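Residue numbers (this note's numbering), protein chains in the order written: chain A, 14 to 86; chain B, 630 to 986; chain C, 498 to 831.
Each hint should be verified, as a subset may be incorrect.
To be verified - Computed list of lysine-lysine pairs in DSS-like fashion (alpha-carbon distance at most 27 Å, straight line):
1. A:LYS21 x A:LYS50
2. A:LYS76 x B:LYS647
3. A:LYS83 x B:LYS930
4. B:LYS930 x B:LYS963
5. B:LYS882 x A:LYS21
6. A:LYS76 x A:LYS21
7. B:LYS930 x A:LYS50
As the list claims (entries may be wrong) - A few chain C residues facing chain A, derived, Cβ under 7 Å:
8. PRO646
9. GLU746
10. ALA747
11. ALA751
12. LEU754
Keep in mind the hints are simulated off the structure, nothing from the lab. Small disclaimer: the values here were computed from a predicted structure and weren't measured. The beta carbon of each residue, even a glycine, is placed where N, CA and C say it ideally should be.
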Amino acid sequence: MCLAIPMKVVEIDGPVAQVEEGGVRREARVDLIDGVKVGDYVIVHAGVAIDRLDPEEARETLKLFEEMLKAAE
Amino acid sequence: MSEFRDTDLVRGLAEQLKHMAAPPATLMEVCGTHTVAIARYGLREALPEGVRLISGPGCPVCVTPQDQIDLFIALGGMEGVTLATFGDMVRVPGTTQSLEQARAEGADVLMVYSPMDAVEAAAKDHEKQVVFFGIGFETTAPAVALAILEAQRRGLGNFSVLCAHKLIPPAMMALLESEVRVDGFICPGHVSVIIGSEAYEPVAARGKPCVVTGFEPADVLGAVGMLLRQLAEGRSEVEVEYSRAVRPEGNRKAQELLGRVFRVADARWRGLGTLPGSGYELAEEFAEFDAARRFEVEPPKSVEPRGCRCGEVLTGLIDPPECPLFGKACTPRKPVGSCMVSSEGACQAWYRYRRSE
Amino acid sequence: MSEERILLAHGDGGELMAELIEQVFVARLGTGDPPGDDAARIEGDGRLVFTTDGFVVDPIFFPGGDIGKLAVCGTVNDLAAAGARPVALGASFILEEGLVISELERVVDSMARTAAEAGVRVVCGDTKVVPRGTADGIYVTTSGVGTVPVGVAVSGAGARPGDVVLVSGTVGDHGLAVLSVREGLEFESPIVSDCAPLAGMVAALLEAAPGVHVLRDPTRGGLATALNEIARQSGVGIEVVESAVPVREAVGTACELLGLDPLYVANEGKMIVVVPEGEAESALAALKAHPLGAESAVIGRVMESARSRVTLRTALGTHRILDRQVGEQLPRIC
Numbered sequence: 014m015c016l017a018i019p020m021k022v023v024e025i026d027g028p029v030a031q032v033e034e035g036g037v038r039r040e041a042r043v044d045l046i047d048g049v050k051v052g053d054y055v056i057v058h059a060g061v062a063i064d065r066l067d068p069e070e071a072r073e074t075l076k077l078f079e080e081m082l083k084a085a086e
Numbered sequence: 630m631s632e633f634r635d636t637d638l639v640r641g642l643a644e645q646l647k648h649m650a651a652p653p654a655t656l657m658e659v660c661g662t663h664t665v666a667i668a669r670y671g672l673r674e675a676l677p678e679g680v681r682l683i684s685g686p687g688c689p690v691c692v693t694p695q696d697q698i699d700l701f702i703a704l705g706g707m708e709g710v711t712l713a714t715f716g717d718m719v720r721v722p723g724t725t726q727s728l729e730q731a732r733a734e735g736a737d738v739l740m741v742y743s744p745m746d747a748v749e750a751a752a753k754d755h756e757k758q759v760v761f762f763g764i765g766f767e768t769t770a771p772a773v774a775l776a777i778l779e780a781q782r783r784g785l786g787n788f789s790v791l792c793a794h795k796l797i798p799p800a801m802m803a804l805l806e807s808e809v810r811v812d813g814f815i816c817p818g819h820v821s822v823i824i825g826s827e828a829y830e831p832v833a834a835r836g837k838p839c840v841v842t843g844f845e846p847a848d849v850l851g852a853v854g855m856l857l858r859q860l861a862e863g864r865s866e867v868e869v870e871y872s873r874a875v876r877p878e879g880n881r882k883a884q885e886l887l888g889r890v891f892r893v894a895d896a897r898w899r900g901l902g903t904l905p906g907s908g909y910e911l912a913e914e915f916a917e918f919d920a921a922r923r924f925e926v927e928p929p930k931s932v933e934p935r936g937c938r939c940g941e942v943l944t945g946l947i948d949p950p951e952c953p954l955f956g957k958a959c960t961p962r963k964p965v966g967s968c969m970v971s972s973e974g975a976c977q978a979w980y981r982y983r984r985s986e
Numbered sequence: 498m499s500e501e502r503i504l505l506a507h508g509d510g511g512e513l514m515a516e517l518i519e520q521v522f523v524a525r526l527g528t529g530d531p532p533g534d535d536a537a538r539i540e541g542d543g544r545l546v547f548t549t550d551g552f553v554v555d556p557i558f559f560p561g562g563d564i565g566k567l568a569v570c571g572t573v574n575d576l577a578a579a580g581a582r583p584v585a586l587g588a589s590f591i592l593e594e595g596l597v598i599s600e601l602e603r604v605v606d607s608m609a610r611t612a613a614e615a616g617v618r619v620v621c622g623d624t625k626v627v628p629r630g631t632a633d634g635i636y637v638t639t640s641g642v643g644t645v646p647v648g649v650a651v652s653g654a655g656a657r658p659g660d661v662v663l664v665s666g667t668v669g670d671h672g673l674a675v676l677s678v679r680e681g682l683e684f685e686s687p688i689v690s691d692c693a694p695l696a697g698m699v700a701a702l703l704e705a706a707p708g709v710h711v712l713r714d715p716t717r718g719g720l721a722t723a724l725n726e727i728a729r730q731s732g733v734g735i736e737v738v739e740s741a742v743p744v745r746e747a748v749g750t751a752c753e754l755l756g757l758d759p760l761y762v763a764n765e766g767k768m769i770v771v772v773p774e775g776e777a778e779s780a781l782a783a784l785k786a787h788p789l790g791a792e793s794a795v796i797g798r799v800m801e802s803a804r805s806r807v808t809l810r811t812a813l814g815t816h817r818i819l820d821r822q823v824g825e826q827l828p829r830i831c
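Please take these sequences and the hints and turn them into a complete structure.
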């Protein structure tokens with residue numbers, strides 16, 4: 014049970030933020046994450062941001078996959 | 630994060646996986662969203678010879694026992710009550726009827742995307758008693774906890790929660806004691822965002838590799854590769870594929886919130902029976918928001934549907950097609966059990982996303 | 498109008514009702530021929546087609562349209578899907594006591610505008626009023642008559658193995674637009690219903706590709722359900738390539754957020770076109786040349802099949818079965 018998508022924080026007003034992804038804007042609670050900033054990517058589930066998503070780490074994972082594929086060739 | 634869905638990457642990983650030299654193994658996922666992703670993208674096609682992927686008790690609707698569903702529906706029969714629930718629950722059959730049918734007979738059923746919407750509904754109309762069905766695992770419980778705090782902050786005496794949240798790691802440990810043979814676990818990515826990857830150490834310590842996995846096709850394919858590699862190398866560790874979102878310690882703030890609003894209790898699971906320390910109850914401080922304590926209602930005697938083998942499907946003992954009702958007496962159009970009704974149930978996933986001959 | 502809101506008396510056949518009909522309906526839609534008769538005389542050449550639909554959309558006003566526009570488009574498009582040119586529409590209104598009349602006027606204005614756009618008129622109608630609480634403001638039932646030009650023979654049973662399957666644009670827009678109002682979703686560039694009358698686009702299509710076998714407007718149940726209907730009626734299989742189906746980015750994202758599948762979300766301004774391979778290129782070109790078909794695409798093929806199945810080729814290259822929709826698609830959280 015984990016339907017959640019990464020969305021970007023575009024506005025913060027106390028515990029509530031406006032988040033955006035793929036042309037969709039929605040409200041989400043962000044008070045479960047310390048020091049959330051505009052521009053952060055967060056994972057939104059049931060109207061709540063459950064944590065940040067690290068784009069750098071995402072790139073690392075993709076790089077790892079690419080390397081695995083190259084090694085197989 | 631569409632890169633994790635990139636066709637070339639996904640096909641490449643699938644090809645590589647298919648030709649991997651791996652010992653025969655049975656891997657289990659314990660998350661309804663993984664069940665759907667695997668079925669929808671046809672990822673079983675990419676498995677090497679001898680490797681099986683089975684579904685465990687990861688569908689929150691499916692594991693909710695019949696009597697809790699019956700209680701929730703019975704509450705809807707009371708004067709002035711509005712039942713608020715995630716869409717997933719609306720068609721699940723109770724013993725005598727589903728929420729959908731109860732609504733047709735006059736029950737006030739509000740479908741919400743977020744528990745906060747239920748709080749708003751209570752705030753908007755003080756005449757209504759809004760009862761929210763708190764199903765879901767550790768991913769969802771924090772949102773419900775925030776909703777309860779919000780209701781408390783606003784002094785809403787007409788909001789309550791029927792708490793049916795369950796915890797994944799105790800279920801995994803229970804499976805290790807059961808007859809089902811599992812060699813490794815695809816661990817739920819978003820539950821792990823909350824509880825942290827360290828939570829699976831006890832499982833790995835029992836010799837079962839665990840990989841915390843994301844939900845895109847590349848995530849699942851990559852994670853299966855990592856599991857098979859562990860098995861081939863005789864390791865049993867907790868690894869994190871979904872590193873972009875999961876930390877070893879998880880989300881501490883969310884955990885504190887959960888510890889404040891809920892207390893861990895024994896819980897009954899469809900298919901697994903009562904597991905100690907496997908669910909949440911509302912903490913004493915929030916007892917006033919507990920629907921089970923606020924309302925006195927006599928639900929019908931709960932009876933499991935005849936011939937339904939959801940319990941065995943949920944514990945990975947059988948694959949859906951092995952249930953004699955599957956695809957015949959039990960289809961999405963005329964479902965018998967919750968595994969077929971729920972959009973994350975293994976039976977519905979197998980049926981909807983079945984391969985063409 | 499002397500009143501602000503609909504009263505039960507507006508439906509009782511007396512003076513108040515006559516005033517309502519004159520000032521709200523006739524003022525905007527005109528009258529039939531002869532004016533004042535309950536039945537209108539109509540004329541047309543060729544084979545007649547006849548259709549009827551009920552409209553109960555909630556909310557009445559949504560991004561990109563309203564129940565009035567929908568009522569005209571839905572019926573015009575059913576006629577167009579039969580290859581017909583619309584000749585006349587009739588509309589019956591069930592109004593809830595308490596409905597604000599200025600809202601009703603907005604709806605009827607919208608109907609008049611859309612009908613004019615579609616080149617058709619509403620020539621007969623009826624009004625009933627029901628007590629508060631028994632209709633969501635307004636329900637509309639529209640019926641339509643059309644004529645099929647000589648040489649055109651489209652039918653749901655006409656699909657043949659080897660045919661190419663096209664869709665005239667993005668899917669899921671209407672359902673999402675309506676849902677977005679209910680769920681409080683906002684979009685950067687707002688998702689707007691695709692509600693539009695397609696008779697003109699279809700006429701242009703049939704001129705360029707007269708051999709079209711099937712036309713179908715995928716409404717409730719979405720693209721997947723409509724394709725299943727065609728497969729069943731024609732006794733064929735249809736294979737759809739998932740990545741070829743046009744979906745707006747925001748619609749795709751909103752569907753993911755809500756746990757919906759765009760292939761099952763309602764449309765109100767799209768046409769599925771099944772055309773013999775030889776005419777596929779001209780069909781596609783004709784659609785794309787029309788403003789309502791600018792995003793048309795080839796999405797699949799018709800095949801032999803013993804089981805009248807619709808299958809989907811996924812990004813991984815695997816095939817899975819695409820069933821008709823079962824029950825409502827419910828936004829899910831899990």
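So, going through the hints one by one against the coordinates:
1. A:LYS21 x A:LYS50: holds (10 Å)
2. A:LYS76 x B:LYS647: Measuring from Cα to Cα gives roughly 21 Å; hence the hint holds.
3. A:LYS83 x B:LYS930: violated (60 Å)
4. B:LYS930 x B:LYS963: holds (22 Å)
5. B:LYS882 x A:LYS21: holds (20 Å)
6. A:LYS76 x A:LYS21: holds (22 Å)
7. B:LYS930 x A:LYS50: Violated. B:LYS930 to A:LYS50 sits at ~51 Å, over the 27 Å cutoff.
8. PRO646: Since the shortest Cβ distance to chain A is 40 Å, the answer is violated.
9. GLU746: holds (5 Å)
10. ALA747: holds (3 Å)
11. ALA751: Since the shortest Cβ distance to chain A is 5 Å, the answer is holds.
12. LEU754: holds (6 Å)
Against the hints set out earlier in the document, violations occur for numbers 3, 7 and 8.
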